[in-house]
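Q: Using the sequences provided together with the hints, build the complete structure.
Note that the protein sequences, when read in sequence, are chains A and B.
Our numbering numbers the first residue of the first sequence as 1 and each following residue consecutively.
Our numbering numbers the first residue of the second sequence as 1 and each following residue consecutively.
Accuracy of the hints is not assured; some may be wrong.
[Claimed, not checked] Pairwise CB distance ranges, derived in the manner of DEER restraints:
id: 1; chain 1: B; residue 1: K21; chain 2: A; residue 2: A241; range: 50 to 56 Å
id: 2; chain 1: A; residue 1: A241; chain 2: B; residue 2: G150; range: 40 to 46 Å
id: 3; chain 1: A; residue 1: G106; chain 2: B; residue 2: A184; range: 50 to 56 Å
id: 4; chain 1: B; residue 1: R142; chain 2: A; residue 2: G72; range: 37 to 43 Å
id: 5; chain 1: A; residue 1: G72; chain 2: B; residue 2: V144; range: 41 to 47 Å
If you are wondering where the hints come from, they were derived from the structure by calculation, not from laboratory data.
Just so it is clear, CB atoms sit at the ideal spot from N, CA and C, and this is done for glycine as well.
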Amino acid sequence: MCQEANFQLGPDVLAALERGLKEETSPAGKDILRQLIENARIARENSVPMCQDTGFTVVFLELGQYVHITGGDLYAAINEGIRKGYQEGYLRKSILGHPFERKNTGDNTPAVIHCRVVPGDRLKITVAPKGGGSENMSGLKMLKPAEGVAGVKKFVIEQVSMAGSNPCPPVIVGVGIGGTFEKAALLAKEALLRPVGQKSTLPDIAQLEEELFTEINKLGIGPQGLGGRVTALAVHIEVYAVHMASLPVAVNINCHAARHKSIIL
Amino acid sequence: MSAEVIKISPPLSDEDVERLKIGQQILISGKIYTGRDAAHKRMVELLDQGKELPVNLKGQIIYYVGPTPARPGQVIGSAGPTTSGRMDAYTPRLLAAGLKGLIGKGMRSEEVKEAMKKYKAVYLAAVGGAGALIARRIKQARVVAYPELGAEAVYELVVEDFPAIVVNDVWGGDLYIEGRKKYAI
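A: Take a look at the structure:
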């Protein structure tokens, strides 16, 4: 799964790049989008990672409540899979064991694992390798409720604007609104898992996604930040219930190499 | 934005660098060196101690990349640029030591831009995330310093028509600022 996620760009992202190619007016921007599409083809055909940053392996588990896992530690098994996948797939090992010692663990473990217990008797595993460059451009703010939708829009646009060329635009912007501090961040990351361009099922949120998408693409950042109209391929927003005193908003930016792979057991 | 493609080959002189302008497309052939944060830190420490660098950077180009491991029979794995801003703290020292070209992606600090004007050097952007495509232009790769750093070691790469775009020139131009201004609505 780690290998497939890194070698094969999803059809949703490819379609978004093709759409971007039609909409982009900058010649350099068009050229870059063509190169990205060509890059995805080479990666797929030759089993080469599309990007050298094969990421922090973020794993989402949806564990059915009737599932009983036997024979060992599930998290250890996931890390073992990553160890094997990254070694055998010639993927880059980018994880350092301690933020200050900064010594490479040598096998890209440990993963960041998010587990949610759900009804049913299945286990869904989603592997989403996340590059450092775009992750570094993410941010979170605890807004005052009075700032409302306008405050959320302002923060999201500022965040993408500040990121500029750094997160490898065109980007996918994941936004989490509501919940607590950590819930907002998780929502933003989960928003990135949605197929690119699929709208929120909530009409007001879908409307906000559309408005932010339009505003962000007016910034002029363009592919790779060299100037252009296609800065974002999509804006995805997830929301959650919120404390009466709070309005948390988190922005998690994904580069154009938006990689994820799911299986259901 | 110029459609003209300019071919360059290190070592570069002041004059070679002076004729490069923002927005120009560049094809690089010859030897270039790789380096990321860890290697930069070590090289600046050597300079601080008055010691020689493991490679002579005079007229050379450094590419900010941490490639994936090569499969058997491959020269190099995926090899796209990493975010240049992380090297900003170290770059002016290396420019003072004679480095002429930097390849990466993303914005540079004011200090780096000033140093590029002062020491006559250019900053070039490669396409971030096009690691599989770029790897095809790399014909040879060998580690020349800090093998213990793994993907962060300094490699000498032999490249052929390696594509890049001039983002910062010695005249103070910045394509990230100019390009964005041109397309902002």
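Q: Is 50 to 56 Å right for how far apart the beta carbons of K21(B) and A241(A) are?
A: Holds - the Cβ-Cβ distance for K21(B) and A241(A), about 54 Å, lies within 50 to 56 Å.
Q: Does the beta carbon distance between A241(A) and G150(B) stay inside 40 to 46 Å, or does it fall outside?
A: Holds, since A241(A) and G150(B) (Cβ atoms, about 45 Å apart) stay within the stated range.
Q: For the pair G72(A) and V144(B), does the Cβ-Cβ distance stay inside 41 to 47 Å?
A: Because 44 Å falls inside the window, the suggested range holds.
Q: Is it true that the C-beta distance of R142(B) to G72(A) lies inside 37 to 43 Å, as the hint says?
A: Distance hint for R142(B), G72(A) holds at roughly 42 Å.
Q: Should the hint that G106(A) and A184(B) are 50 to 56 Å apart at their CB atoms be regarded as holding?
A: Violated - the Cβ-Cβ distance for G106(A) and A184(B), about 45 Å, lies outside 50 to 56 Å.
In the structure shown, a violation is registered for the earlier hint numbered 3 alone.
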